[in-house]
Amino acid sequence: MDPYYLVLTTITLAAIYGLLALGISIIWSSLGMINLAQGFTFSVAGYGAWLVAQNISANGFAVVAGGVITGALAGALIGGIAFIPLYDKPNFPLRSLVATLGISLFGGQCLLWIFGPRVKALPKIFGVGNVHFGPAVASYDKLGSIVCSVVLLIVTLAWMKTSRRGLEIRAMMQNPEGAALVGVGLRSTAMSVMMVTGAMAGLASVLLSQNYFIRPDAGVTPLVKGMVVALAGGLGSVAGALIAAVLIGFIEAVTAVTLGGQYVLITQFLFIILVLLVRPRGIAGMIEHTRE
Amino acid sequence: MTDVLRIENLSAGYGPLGVLHSVNLRVQAGERVGIIGLNGHGKSTLMKAVAGLTGWQSGSIKLNGTEIGGTRSQGPGRYTHKIVRMGLALMPQGDALFHGLTVADHLDSGAYTRRAWRERKARREYVLGIFPPLEKLLAQPVGKLSGGERRMVSLARGLMGDAKLLLIDEPSLGLAPKISKGVIEALMQIDIRDGAMVIAEQNLSLLEGKVSRLIGLHAGKLKGGSVAPDVPLIESVHHHEPAPRH
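Residue numbers (the numbering used here), protein chains in the order written: chain A, 1 to 292; chain B, 1001 to 1246.
Bear in mind the hints are in silico, worked out from the structure with no lab data behind them.
Treat each hint with caution, since some may be false.
Have a look at the derived ranges for each label pair, beta carbon to beta carbon [as the list claims (entries may be wrong)]: (1) Gly1018(B) - Leu94(A): 20 to 30 angstroms; (2) Tyr1126(B) - Trp159(A): 25 to 35 angstroms; (3) Trp159(A) - Thr1066(B): 44 to 54 angstroms.
Here are the simulated DSSO-like pairs of lysine-lysine, each with C-alpha atoms no more than 30 angstroms apart in a straight line [what the hints assert, rightly or not]: (4) Lys161(A) - Lys1178(B); (5) Lys1082(B) - Lys161(A); (6) Lys1164(B) - Lys1062(B); (7) Lys1136(B) - Lys1181(B); (8) Lys1178(B) - Lys1144(B); (9) Lys1121(B) - Lys161(A); (10) Lys1164(B) - Lys1136(B); (11) Lys1164(B) - Lys1221(B); (12) Lys1144(B) - Lys161(A); (13) Lys1062(B) - Lys1221(B); (14) Lys1062(B) - Lys89(A); (15) Lys1178(B) - Lys1164(B); (16) Lys1164(B) - Lys1181(B); (17) Lys1136(B) - Lys1178(B); (18) Lys1181(B) - Lys1121(B); (19) Lys89(A) - Lys1136(B); (20) Lys1121(B) - Lys1082(B); (21) Lys1210(B) - Lys1164(B).
Bear in mind the structure is a predicted one, so any value in this text is a computation, not a measurement.
Quick reminder that beta carbons are idealized off the backbone N, C-alpha and C, glycines included.
Please take these sequences and the hints and turn them into a complete structure.
Put into structure tokens, the structure is as follows:
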């Protein structure tokens, strides 16, 4: 087993799953909604990027921008359907869960209807080739994915830490009533959360499509993995999601190398079951104060 | 003088439960008003109704002459941010703080309205002058502070904005007597200019002699006090016991 390959694969997967899990985690803690349609956002963003590559330009920036913008729009659509009309009604968590599940199923069928069952491939936006670091070999794909996701993660976290919009999201994550009492509009903040997390899912989609095909149900596995990472990290915790993303990525890389790729989901779920048995609130559930 | 707050015929409650029954109250610019009542008699509901946080309400509430009340049967908190942007600051019971955020973040969040956000550095200095102990705690997450410190953060956050009407719900709750006196002193220091302040309290002795008016709140009705500054009589329509004295 090549240790460099393992580390590199771990980091690549961690970066991509981190983007999805962070989105799920932030949506849960600020909106109180478990977004099962995050996988739909992922699929739609893949098709958005594909359309841009087919019709406008196959340039890397254009393709990434296409995916990110489509993701943000899909996020806004989900927010408009599952959050805005429902959030002040009784039993909101359950209603929104069902609503996002509905969007996910309905949206998946729409994609199948519009684009057909044949898989699509995105152009290789990072080019084909390898970079050598001493004994380690990294493909352009992996390096590009790592750099893009890390940059987006850092920009998003810094924006949340320093800007007025970011402060309103953090305030809403901690205490929605307190946020309303300082003048934060829950609906407009919710829409910006949905767009930012949608953009993250969109980028994850473009990056993962460098190695996988775009299909109408392409979002299902990433949704499950993003959910696993978010749960294992402690829903609502940014630090926890990042730690869990690294662990889950590592488990996936090790399993794929030692047992074979078909056992990845088994080892990942065993891991999350163990984590939740020992720490029911996730890895960072006790470090950070989040929504119960 | 204009009325900063004018409440007419306000009833409010949660679900099937009616808490306030036809309350009338006027507060003018420059006034500090104390509302005295026991637990469960509607002090917090009165303040929440002004902020639009009750389950349902009916009747008129005017903030600086603009109607913010009306009849509403659902959607608690839906319009709270708009009322806050119009000049309301509610420092609620339990403080509604953000436990993972630092004291500095709280002060910034209090200056959330666009104008206040630009002036937030100067406002922070002003608020730290009223609550000097917060200066050293600025980088601390609020979840690690003591009850008295949290109360100060909650009050300081409320003072960062442009609020014309300050509603303060039980500032002494859960605090040692000495600390609650300090908190009340700090509240009396605040320059309310053309605004007004309403303080809800159980402990009459903390406010006696310090506020412009004291009103009793009993079983969801205002009793034993003047409901407007130009109505000086002790209004007690029914023969209820006077406001409780501790």
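How the hints compare with the structure:
no. : hint                                       : result
1   : Gly1018(B) - Leu94(A): 20 to 30 angstroms  : holds (28 angstroms)
2   : Tyr1126(B) - Trp159(A): 25 to 35 angstroms : holds (28 angstroms)
3   : Trp159(A) - Thr1066(B): 44 to 54 angstroms : violated (34 angstroms)
4   : Lys161(A) - Lys1178(B)                     : violated (37 angstroms)
5   : Lys1082(B) - Lys161(A)                     : holds (24 angstroms)
6   : Lys1164(B) - Lys1062(B)                    : holds (12 angstroms)
7   : Lys1136(B) - Lys1181(B)                    : holds (21 angstroms)
8   : Lys1178(B) - Lys1144(B)                    : holds (21 angstroms)
9   : Lys1121(B) - Lys161(A)                     : holds (17 angstroms)
10  : Lys1164(B) - Lys1136(B)                    : holds (28 angstroms)
11  : Lys1164(B) - Lys1221(B)                    : holds (25 angstroms)
12  : Lys1144(B) - Lys161(A)                     : holds (20 angstroms)
13  : Lys1062(B) - Lys1221(B)                    : holds (19 angstroms)
14  : Lys1062(B) - Lys89(A)                      : holds (27 angstroms)
15  : Lys1178(B) - Lys1164(B)                    : holds (29 angstroms)
16  : Lys1164(B) - Lys1181(B)                    : holds (24 angstroms)
17  : Lys1136(B) - Lys1178(B)                    : holds (21 angstroms)
18  : Lys1181(B) - Lys1121(B)                    : holds (28 angstroms)
19  : Lys89(A) - Lys1136(B)                      : violated (42 angstroms)
20  : Lys1121(B) - Lys1082(B)                    : holds (24 angstroms)
21  : Lys1210(B) - Lys1164(B)                    : holds (20 angstroms)
Violated hints, listed in ascending order, are 3, 4 and 19; each of the other numbered hints is respected by the structure.
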